[in-house]
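In order, the protein sequences belong to chains A and B.
Going by full-length UniProt numbering, the first residue of the first sequence is number 1, and it counts up by one from there.
Going by full-length UniProt numbering, the first residue of the second sequence is number 1, and it counts up by one from there.
No wet-lab data here; the hints were simulated from the structure.
It is possible that some hints are incorrect.
[Stated by the list, open to error] Derived DEER-like restraints, expressed as beta-carbon distance ranges: (1) A/Lys166 - B/Asn132: 35 to 41 Å; (2) A/Pro567 - B/Glu146: 52 to 58 Å; (3) A/Tyr578 - B/Asn132: 46 to 52 Å; (4) A/Tyr578 - B/Glu313: 41 to 47 Å; (5) B/Glu313 - A/Lys147: 43 to 49 Å; (6) B/Phe152 - A/Arg482: 39 to 45 Å; (7) B/Met22 - A/Asp652: 53 to 59 Å; (8) A/Trp390 - B/Glu401: 36 to 42 Å; (9) A/Asp652 - B/Lys329: 44 to 50 Å; (10) A/Ala94 - B/Glu401: 35 to 41 Å; (11) A/Lys52 - B/Lys219: 27 to 33 Å; (12) A/Arg453 - B/Glu401: 41 to 47 Å; (13) B/Phe152 - A/Gly75: 41 to 47 Å.
Cβ atoms here follow ideal geometry from the backbone N, Cα and C, with glycine treated the same way.
Number of protein chains: 2
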Amino acid sequence: MGIYMAKWIWKFGEFEIYHSLMLHDRRQQYGYPEPVVWKMYAPEPVVVFQKKVTTAGGVFRIHACGHVSTTIQTGSKLWETEKYGGKTEIALKAGTVTVQIRVSNLKTFPCLFVEGVIESDESWEADDLSMNFEPVGTDSLFMDREKTPEIFPFSYAPISYRKKEKLENGVLFDYGKETFAAVRLLHLTDQKVQVNFGESQEEALDHDWSVIHFLQEPKEGELSYAPCAFRYLYVSDEGAEAEAEYEYLPLEYRGNFQCEDELINRVWHVAAYTFRLNCREFFLDGIKRDRWVWSADAYQSLFVNRYLFFDPEIEKRTLIALGGKAPFKRHINTIMDYTFFWFIGIKEYYQTYGDRKFVRQILPQMKEVMAFCEGRESDDGFMREKQGDWNFIDWAPMDKEGALCGEQILYGKALECYGDLLKAAFSKDIENESRPVDTKQEQGLELAEGYGRKARRLYELIKEKFYDKEKEVFIDSFESGRRNVTRHSNILAYLFLPCSEKQKKDIYEKVILNEAVRQITTPYFKFYENQVHCLEGNGRLLEESIRKYYGSMLKTGATTLYEEYDPAMKGAEHYAMYGNPYEKSLCHAWSASPIYLLGAFRLGVLSTDVAYETFDVRPDLGDLKWFCGKVPVPGGVVEVCANEKEIRVWTDVSGGTLWVEGKAWELVAGKETVVKIRHLSF
Amino acid sequence: MGIYMAKWIWKFGEFEIYHSLMLHDRRQQYGYPEPVVWKMYAPEPVVVFQKKVTTAGGVFRIHACGHVSTTIQTGSKLWETEKYGGKTEIALKAGTVTVQIRVSNLKTFPCLFVEGVIESDESWEADDLSMNFEPVGTDSLFMDREKTPEIFPFSYAPISYRKKEKLENGVLFDYGKETFAAVRLLHLTDQKVQVNFGESQEEALDHDWSVIHFLQEPKEGELSYAPCAFRYLYVSDEGAEAEAEYEYLPLEYRGNFQCEDELINRVWHVAAYTFRLNCREFFLDGIKRDRWVWSADAYQSLFVNRYLFFDPEIEKRTLIALGGKAPFKRHINTIMDYTFFWFIGIKEYYQTYGDRKFVRQILPQMKEVMAFCEGRESDDGFMREKQGDWNFIDWAPMDKEGALCGEQILYGKALECYGDLLKAAFSKDIENESRPVDTKQEQGLELAEGYGRKARRLYELIKEKFYDKEKEVFIDSFESGRRNVTRHSNILAYLFLPCSEKQKKDIYEKVILNEAVRQITTPYFKFYENQVHCLEGNGRLLEESIRKYYGSMLKTGATTLYEEYDPAMKGAEHYAMYGNPYEKSLCHAWSASPIYLLGAFRLGVLSTDVAYETFDVRPDLGDLKWFCGKVPVPGGVVEVCANEKEIRVWTDVSGGTLWVEGKAWELVAGKETVVKIRHLSF
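Bound conformation, chain A alone:
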């Protein structure tokens, strides 16, 4: 036998659809499970796997999640078929045959593992009996036949509480920092036990308003809980003992950042830990609440992941889960802009990893979602709110009358990205793809061109309608007559619309630096605003913002980064949100943006082509005296150290260009490049 190569396979997308369904059904709120509020999709119950194989004969063995039935087509006619029913060990004669294995699974989802003379891998195809065979889905996590894809393979480590304290007729356990763990309670003697999980002590002690709490009868003195988020744990039984097991995705920290400012270093590390906790089956919004997958939150996580883990798998899983299945009848998370961010995110994924195979696999769902979007266009091509749409953009006042500027910009960008992705999907490869470019290639490339043109037409129309010539910036609505200016419309225009340099400068000066324009209040949109600051070179604001916002958050005792933070608040006020005392998430992915901003705009490593084929390193000290850090790139890493006197860059990959004081140095793989600084400021 050759190298052990068999892996679990499934119909592309079904693994993510299944685990997304499980995940979204796990939310607990105020003593009850809380069903998700948007459309969920069920896995296909019956799937056929097939492969045409040529062998010298031999035995293969079938392992499956579900019932199987195998047929082997030995000739070109349908009746030249041998039936093996549910047998799981089958002898193949020498020659070329098509093996079809039908799997039904009504409890989880159909998946298959074949080993022996033939083995299951990416070269197989799957179909839900709709005559639509497509390359299967796989994941490097599932190479072991004993570990089926039905169970998500998290890692586990026992953790201990730091402090145990008797109070309020029970015990309070403090685990020292926010964690995500399965808890087992022992030595319980009370008949009914109240158990409250808390991100804060206040939350853990609140029987009604701790978001995750239970009132249960112990069995043989014990109670067990599925993994959830907490730092504190209150148990209303004075004799209670607790065991906990940290559940996590074993991702390797590949990015890194260090500088002379210990506060910024701490923010980086807390952000990294915050982000790690939120990286699970998918990119989550927050680890306590909702534990759901939000498209625009996930979009930002793509950027953070790139400078921390550089893990394409979680990106793919997230994008597949968000895209759902046909029939697609409502915006992702019910939010219009979130559907558009999904397209932009897939383009970001492709741009980062150059993974054309994935683009091809997710293309049918992109078509489905795009058809939905195009079916909702107004006659003028703009997207206006229809029944069931949530026109979100941000938690902020905006003039949402008629077509909203930000939505049109994102729709234009989605169209452009979809065109680019079609082009990537239908272009010829040098790689050996499992799915050959089909005869429809030309049609596909024409379609790609068409979406490019459509995006450009929409961009022109946006500029015509939303650009206010007097104010020289973008307004929210051209239909209301109010000519309202917000940071949101202008930040999105700056980042996603092909603006002229003058338009960008105007936006920056007349809106972003204009204190009279209402400030951004959410870390979510701060992400975009900080991007603009950095792109405008007004870099010192980054450190200032990190110190002021995150630094003061850490001073309140935060061990992970909050969903939102107002320095003016005191004590438990920090924990309230959405009208409830502890509903705020104290460990929220979108707050991990310093990882990305420091990597992209201080270390300055930015891809300039698909998959870092070429990339720039543009170190910028900003407000710092020195820094040293690592940015992961495909196949390697870029290490960048800078102080006021010199820049040192080392990388093990080629394609990089170091830019210092407007001059370029070609980076050589395996060699350090050192550039001395002439001017104090570069």
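Since the structure of chain A is already known, use the hints to place chain B on it.
This is chain B only, laid out in the frame that chain A set:
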């Protein structure tokens, strides 16, 4: 409290989708479960139920299959909403509010029961979070909050074997006739026990080829089996004892037939029992194998049901299950004609019960399926085989080159029926419908007209292309040049195409009565051929066919009617089919057609309007001396007795007309009408 009216509700269609999925996954074949070979659909995992209610205040209680979360919208603004999370007892204030209950269920399907100041019933709406609220599904089977729709409510009765015999190192139990029962084996002492179910003794004794068999280790001397079909049961343990519980749908025999020929009477009774065994969650094809739902088999069951049980519920369940869900990407059961029979069957259902509400509820899926069909039309409007289509019509040689005559006829009929159903759905009601006719009524009626026109155009084209002017009958293919004539194309033309009287006469004389044209061999298509015989008044053939075919089948010891039967075969040859010794179904629904044929063409009760608003009674002695029987109709029954001297008809409903010797007698509800015969033959 008023009358107890609460019932279980679910998103329309999901009950059938779920039970169809369960049913289709239950097939056992040669020791293994055998997954279904066509596209199955999964239930929606999360559904929102809603109702706008006006109450004087009070408490309601929620019972659900799954997790629930309730919100109550108290004003017109979205934020005027009260959240109750998973609470199951909620106090409602006086006034008008909209109650929304979200239910998630990943294991079965979301369903809901509300009782108290508000109650769940047909007036509620459901949505799968795709902003598409539609009236819920209900079933009179589910009025009890303790009995959820997750379990199909069959009835049970203990049954005993007639004979127990030690042989072949084990025991053979004979239950005297085919049955469908759960079996429990007791007093087992062997470590491993072989258990074979058999419709015949030969099958039960065959360890390899009995279709349903098991080799298992008893637990504490016992083994239990989910209900399945058998007459014989072999257990390879000499000490074995067996208990069995008959599982059945408690339908009332409402039709009836008796005549002087005891053989025909026996056939009628065996057909009734055969049909009863196949009436379960849905109309099954056969009770042993496949136990799947085939569209054209189900179509014929509609007719038998009408003259035996007159149960609209099983018809609705079957039609919903067959229609599947969006996206519809492959023909029902993979067979092109079966998709067309689905439309024709829905029209048949509407015509019989006048149930416009159901037509409206199934309309979205009809639209989906019709869009699929229309997407597969050739440029000339004909339906030609495409990848994945099975062009079936019957197990018989046919010239299938290019467009096949039978498929075009059935497609035309499907278009006509769809047009008729659109008209029914969008017409104004006098009834109080839960779903008001919406503003799109005019568009709907226009669409209906359009499909009517399209059907008529296709009919003309079929006559132009498939009618052979020389042969004066229809040919299978106009593209092959072979001008092949089969009974199939002509029977379908006779029954479904608007043929002239001359064309019908030609078909009857030149094809049906022409022994040179290859005979029909399947009971499936005999159903249609016998219809033609009866419509042509060549009625004596019916008795002849029943005596010859079914009579000799009974003489082989059949206790139910076989899938197929060849009088020339002997012994166990009768049990073989599809290349395996016992794969033939010995209890097959499509063989129950005598129930329909005797009811429709002897008792002669035929609806002439929607829901028997008017109906004809055209008794025909055929080859018999006398008969007496009952035909169920909406709200009552028609009893018809005839002999060579007089006809007696009694009915408790109005609208009937008795036809004797070309003359009409109006039937009066509650009164017997007696007509004396003048001529011996009428």
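Exercise for review: Kindly indicate which numbered hints from before are broken by the structure, ordering the numbers from low to high.
Suggested key: Going through the list in order, the structure violates hints 1, 3, 6, 8, 11 and respects the others.
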